[in-house]
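Asker: Residues per chain, in single letters:
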Amino acid sequence: MIRRLLPAAAFLPALLGAQDASVKDAFEAGKNLWASAGDREGATAKFEQVAAALQAKGPAATAPERQMLCQAYNWLAVLDDRSAATKPRVAQRFQALLDLNPDFDLDRDISSARLVAAYESQRTTRFGLARFTLDPLDGVLLIDGQPAKGAGTHWLAQGAHRVAYSRPGHGSQEQSLELGAKGAAVTFKLARLSTVLRLQITPPGAEVFLDGASQGKATAQGPDASSATFFVDGVKPGAHTLELRSPCFRTKTVSVPASLVEPVGDKDLEPFKLEPSQGTLTLATPVEADLLLDGEPKGKAPVSNLSVCAGTHDLELRFPAGGYTKRVEIQEGKALSLTAKPRPRLAYLGMETGDDFSGRIRMGEVMQAFGPRLTQVAFLAPKAGEAAQAAQDRLKAAKAAELFLSLRPVGDPASPQIEFTLSTVEGETEHFIARPFEQDPLAALVAKLNALPPTSEPGVGLTLVDVEGEPGPLLLSADPEALKAGLQVQKAITSMAGKPVASVADARKALEGATEKIAVAQGAVTATLPVRPQPLELPMVSEAYAYPALLAQLRLRLLGAKGDEAGLARLDLALGLMHFRKYDQALETLREAKLAAPRGISQGTVEYYTALCFQRLGPAYANEASAAFQRALRYPSATLLSSDGPLVAPLAKQALEELKP
Amino acid sequence: LVLGLAVAATIPVMAQDADFAEKLFRSGERAYQAKSYKEALDTWNQVLASAPRSDYAPQAALRIARHLAAVDSNTAAAMPYLDRIKADYLRTPWAAQGLLLRGQLLAQQARKAEDLKDAVAEFNRVLDLFPDSTAVPEARYQLGLAALRTGQLNKALGHFVDTFRAHPDSAIAPEAMVQASAALDASGDLEGALRLLQRVRNVAPASPAADEAGWRLTTLVRHRLLKAPIKVEGTWPAGKAKWLHTPTLLATDASGGLLIYQSDLNQAFALRANEPAPVGGSLPSAKALIATPSGPWLFSKNSILKGEGAPAPLAGLNAISGAFLDGWGNLWVSDAKTPNLTVVAPEGATRAVASPSFNALAPLPQGMVGASDDTRTLVFMDADGKARRSLPYGQGLPAPFKEVVALASDPLGNLAAIVDGGDFGEGVVVYDPQGAVLRQASFKALGLSGRFTSVALDRRGGLILCDRRNDALIRLY
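In the order they appear, the protein sequences are chains E and S. All letters in the first sequence, in the order written, are residues 64 to 724 by the working numbering. All letters in the second sequence, in the order written, are residues 35 to 511 by the working numbering.
Next up, chain S with everything else stripped away, as it sits in the complex (with noise of 0.2 angstroms):
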């Protein structure tokens, strides 16, 4: 009989508790749609403590940490949120979230192959644990842009393509296939990344990935297939003449956006609607140029300014010639007259990697490409800095040129060069991923006269040289 009055009370007040759990949860969402998201977190976090077995836990937990790591960018304080669901909460439907979310921030932490492993096995577990949530199709794509990282592209095209084909209808279907098609591409079968692109044009046009499968397709076209013979479209943008000041430096943000570094202002510009607006801090005499997620940053011959502020010292440089920043957030950095690549580490850490001293540097899909005037050679090499392939200047072209003036590279792995010296004299060359001569011209026959120290490569197939002579831009087509 006891026993029998004590469950009897208990009932009443599990039901008060989840009420309660309930109200107070609501209450954090009112305040989050305020934008009161002090006061929520707050709230949410009182769930949590006050009403940990009720329902509304594990979603107070998924709710502070998606805030902490999309608003507050604050990795490591959501993470123990993370840790709590995947420890209390795992059997709850807000698992699959939480884990897709704590594989996400690991990833994103990644430094080096074996640090996504962590990642890879929270994204498996929601495959695995929870194979009808509506977090399984980010999980596969997740999977994809691991193996991606990683250099297995017959791996990641499989979860991209199960990504888009078990879940046609996920918002992530249509960047999957862009994604497959990168890594088809990667593996050499162009016509197909052509008509997956393509795909994403058909099925989803109003998406954002079909506007990046639009550039891609144009650029790979243009560059792979077409290697239609190079012409001068003019100054660009179109009727810019004498605009700039003395312009040395090109590059392109993610978005495509082009990025001018003007040597007579010390100062990196981005180009919106065709008008140069300032970006970042002032350097004199600039020697390289890189878009960052967190904005320009722009190389001395020994040192590096990131935004504001003034410029940090790199140590034992003094010719810095190319940089870039590696899909593990590692800054690569090559000098003319020294003969290795420094790698900065994100946490600070430097290292050099051996290799020929470089004129200039660009990134590409799998690794990097390095122009080394001494050799004469551009230097293939893969993620990890080691050279793969080594191509005499002049290979693939009618005559043989002496320098390297410049390098750009595009997401898709097209490498555009501006080159100078011997028969083949000034002019510019674009290369494939892996070194075959897609197009080129000579700046004579061209008809262009004018001092060109740096090229990027557009989302229309096109480039973009740097003029600084008659401080104006040029594209060709």
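If we strip away everything but chain E, and leave its shape as in the complex, we get (with noise of 0.2 angstroms):
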């Protein structure tokens, strides 16, 4: 006996070499035992910790590892059989093996003729075989509901069941099983009624469009790279578009000639294969990110060269403070790259709680599309329910926003008007007054929060002034270079890229619409000249402009940044301090702004800036203020505002002499 056990035991392993080692090692142990040593009760063992290994994956069992337990308990019924004491639980056994699969036949090898012929016993008490014939062969067949193999003969459960057979380009058909122990036939002869595509096209997961309308995905068939044959149904006599999309492939259309499709039958169609579609992203930020993609983690920011499938894309990053979201379209072959910065990220804290006021209903819609509108700041709504104050406590404990944005009624009851008040983490305030009813409550704040002022204007180092009866604006100074380059001071600039200009604003137009160079023409000599950003300060004082929302922009800034860029953001910092009359702030941040630049908006500037804080601060700081202005004096070429701005020298000799006790 023990040697007929094992051809069958060498038949195994290749069955279970999907199984988890673990359950095809104590499969493996089991057969040894009872084998080579005849150890009835170790084999035993081992089975059973098979069988309960796979029982406890129930419905999640694949069927490799089904078979393997209907094999188990095969075994366990064989090991059973073979003691008295054991022999009463062969009929559980075979109960359990029925109840896992009625289509399982023991293993002759194995089994008795005797164990054979009661567990066949056992199973016509219960089930009965019913026997298929199907035409044509390769349709789908359900039984209750369930599909099943083919043709053939199945072991179902005794009582009534509904089977159906179908099959593209033919109807379906349905009918009633009455099942008893002796079985039944059933025979299925289904009648052709259109053409069917049949296709495979690799990858898969392709959705197959027929004359614009979707007739599903096709599905991936192993580890196969081409998806499983692909059935376009009930295609009508005539011409046709099959058109094959998939996410970052080419669309592929194919034409379907009416010959194709008449007479009706099946029709394979050559295997198709996508070309892929993707293009790059590059990416570069100040410091490290976190990158998403439609909501998907991508990794991390800064990256070059990213490949992203063609298409629109939800682009979000994640910065240690402050966020980024753009809506971006990435172009087959193309390179997308972008310099992404964090942005604020404002957190409306709702309305504040208290009576029913005229327009509260109002502002509750017009707030519903705040975030929206908004293109500075990263928009984060109210949770419902949510008192404003526990919200800022809660977004400033998480770090999780740089600007407040509160509404409350002011004013008379009936007619209030609406006082936003905006205020960044660290308590820089302002309030904006709204009236509900006006055709646009929230128009001058969406507009001061998208407002950014320019930080820089492009310049060629030419001072260029507008003079009567000249033909272009006159050139007043020029750097070396362009001195170099052959223009002459006191003489007009007539043309510039390539277009004459009449006056200073052509010269400012040409110059926005430039990038690297720009022709600059006097008459017959012209030069090349590079354009450089010229930077610009921050205006103190605007109404164009909501200053705690600069502020959170100007932290932002600073983050990663290096050199000017940081000296300039830091100038701005302390700009936009002093608009707070925060100046013991102001003086730190400028204690940290260092700028290499020597003229124009440059260190002279700082020291300048520097002074006035001191000023503000009381005749206390005289001393640092008058050191300060000194400072600012060994900068002759530092300006106020902008490059072309008024020179700082004059300005700090007129505070030191007024500074003079």
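No lab work stands behind these hints: they were computed from the structure. Be aware that one or more of the hints could be misleading.
Heads up, simulated SDA-like pairs for lysine to any residue below, C-alpha to C-alpha not over 20 angstroms straight-line [unchecked claim]: (1) S:Lys274 with S:Gly291; (2) S:Lys261 with E:Ser540; (3) E:Lys716 with S:Ser221.
Bear in mind that the values here come from a model prediction, so they are computed numbers and not experimental data.
If you follow the hints, you should be able to join the two separate chains into one complex; please do so.
Answerer: Structural data, given as structure tokens:
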């Protein structure tokens, strides 16, 4: 008997190849214990171990695992049958086996004829044999709604069943089956109704459209690179168009001629291979950030040449402070490069609770559409039911927002105005007034929040002035580079970038359109000059901006900034703090501001504002103010506001005169 | 209990008062909008009388003062209202505008540097007490103007720069830039002045200040920077020949408009749409013509005619050769036969300032210049008439001249002289405010023949000559 079992033991490892290693080892061990040592108890224990492990998987068990479980029950029945003490358990083993798969036949190499007869007897008490005859053969058979193997025999529980059979290009049929111990025969013969197009697509997952209507997705089949055969059913006579669409792949359009559709039948098309459709995304960020595309994590930014499917994507960057979102269009084969800087997160805390006021509903409605209108801040909507103060405390603690916005009614409750309060985490606050029933109560606030002052303007090292009677703007002064290139001061510039310029305004327009270099002509002399950004100061007071938002922007601008970029950000931040009369903090910021540029907005500018801050702190800091003005004098070409703004030196000189005791 | 009842009774009464004051104030506003000024002022006075503790009282006082100052030009009547705001309502938000207006009126009334102190104090009060007020930009600007008037150029520059640096959106910011450029120019920083003027055109191209900056730029560049050789454009306006009646004197008004005195008509004319329109009264044989805010003033050899009516004699003068009004309202008169300058104060007092006898006189931003044929020098004086520099006729020229026929200046301090005699001969010279020759040409070299008796600097960097022989004007550029 032991020898009879050996061939089956040799077969099993292949079956168990996909199984969990420990289960497989236990199964092998059970067989060896019985075959080589005749250790029935030991073998039984091993198969019990296998059965317990696989039973625990329940419906999640794979087909090979279910097959192995059946084998284990078969072995257990065989082993139990060899001892009088355990023989009563055989019926339980069979019961478990039949519950699992009534189509399972005992292995006659290991099971005795008596045991097989007992099993068959037990099977026929609960199950009947249904014989299916199918035409055509390759349709889909459903028994009680569950897919079943095709033609042939099926052990089914005795009683009533619903069986159905269908096949693409054919109709479908359904029958009732009353199955008893003697079994029954079922015959399906389907009539051909229409043409079926059969195709395989590489890679799988493509959606198939027939004349613009989706027919479903071509699913994968195992490890193969191509899909399972996809059936396009019900193709009517005439010409058609097939479209195969898959994200990240170029859409393939196939013309199906009428001659292929008729006469009706199954028509195999050539396998289709979709060509990849991707572009690359390069993101520069001042500091490391988590990158998400369409909500899916894609690693870290900065990143270079990240392959991205062609199409529109929602790009999101999560910085240590601040956020960034943008809808980007990736074009096939093209590279998209972006510089993304963190933007402040503005948390709308909702309306302050209190009595109802006229316009509350209206304000609630308009605030619903507030977030999408903001372009320079990332909007955070309020949590339902959370009080404003609680929300602010939560967000502050989590460092999840840089700005807070709340609103409350002020004035006559019957016809109130709405006061918006915008504040930074650090406490700089501004109030804005709106009327609930004006056309767009948020227009002014949105405009302020979306407005960013320019930080630089393009320059070519030329100072131009408008002089009546001259053919173009007169060159007042020029950097050595421009003079070396042949331009002469006190002569008019006649064209820039190949276009005539009649005024400084024209020249500024030409510069705005320039990228790296621009051709500047004085009559017959043309010089090609590099275009460089010239820093601009932050306006200290302007109705155009919401200063808390500007401060939040500037604080984020400092993240990762180096050299003059950091120096300019600090200068602007200090000016923003001076707007709020936070001269002490402005001084701390200016102390760190270092600018290497020798002219224009430069270190002299920083020193001048340092002195102003000391002055604002009062007479006790007169010496410090004087020292800072003295330092400012060391930069004779330093200016305020912009490179063409007033020189710092005469202002510092005058201030020093006034500071003299 | 009695006290409680009293308080309870007082509160509704106070509320009623406030309500009444508001209604009264609004009623005044409606009347003012309907241009019923008397009714409006009466109504606002009622607010002051009946509800002096209400918020509407300082507003009413301010509205009345503004009207009296701006519409009625009655500073004396406006001042008590502003005094009251300062005394009784200094803690209200409207006090900022009240102090500002008070300072502006005091500055207008100032006749010398010391008089500006009170005005400056008011402007500084605005900055100190109301740093967030909308009055602050104008107060800073006024501080700059005060410093400029007293020759404190760097201080003026500081105030003007503060105005447009700290308040770039304010309506006064472009004008502050223009004035800052004037301070820079007067300090000798021509390039800085030009850059700032261009900045006005860049950042506020639609403002009146941009137009001002435009002509200043052109004039400064043409005369001071390019110093281009003088050329003749032709008769001016173009094509206008033999169209005047013995023009002998020219002057330019504050907006750059040309005034022409026609000797045959004994009358000054303003050039409007290229046609002469009579202005002021009639005066035969005028020797000087100046433009003032109240219209042209004509001078005979010994008298002055302001507007219409009869001329008034100027005691002690018998050969008036030039005149101008300074920034304090003083009239400065030169006499070719009297070795001093006569200064007539706004209230009429006359004093003499020692000087050579001048054949011509012209104002400069920080003083004045006189031409003395006796000493053959151009004398550059400060705002008090003290000589700071004497320039021999012909210095800086290829050859000397002997006489100055006429002098003219513009608000930027460019100085033009018609000269004659000597090896240089008859011609024209343009000087900078310090007396350096910028441009020059003899009429012979220019191919001009005529009798040129007066000159004016236009706002396009050119010169207008008055040719009495040919009854025409000639433009040089």
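Asker: Compare the structure with each hint and give your call.
Answerer: Here is how each hint holds up against the structure:
In summary, the hint linking lysine 274 of chain S to glycine 291 of chain S is supported, as the alpha carbons are separated by about 17 angstroms, within the 20 angstroms threshold. Among the hinted pairs, lysine 261 of chain S with serine 540 of chain E is consistent with the structure: their alpha-carbon atoms are about 16 angstroms apart, no more than 20 angstroms. In summary, the hint linking lysine 716 of chain E to serine 221 of chain S is supported, as the alpha carbons are separated by about 12 angstroms, within the 20 angstroms threshold.
Going down the numbered hints, you'll see the structure goes against none, and every one checks out.
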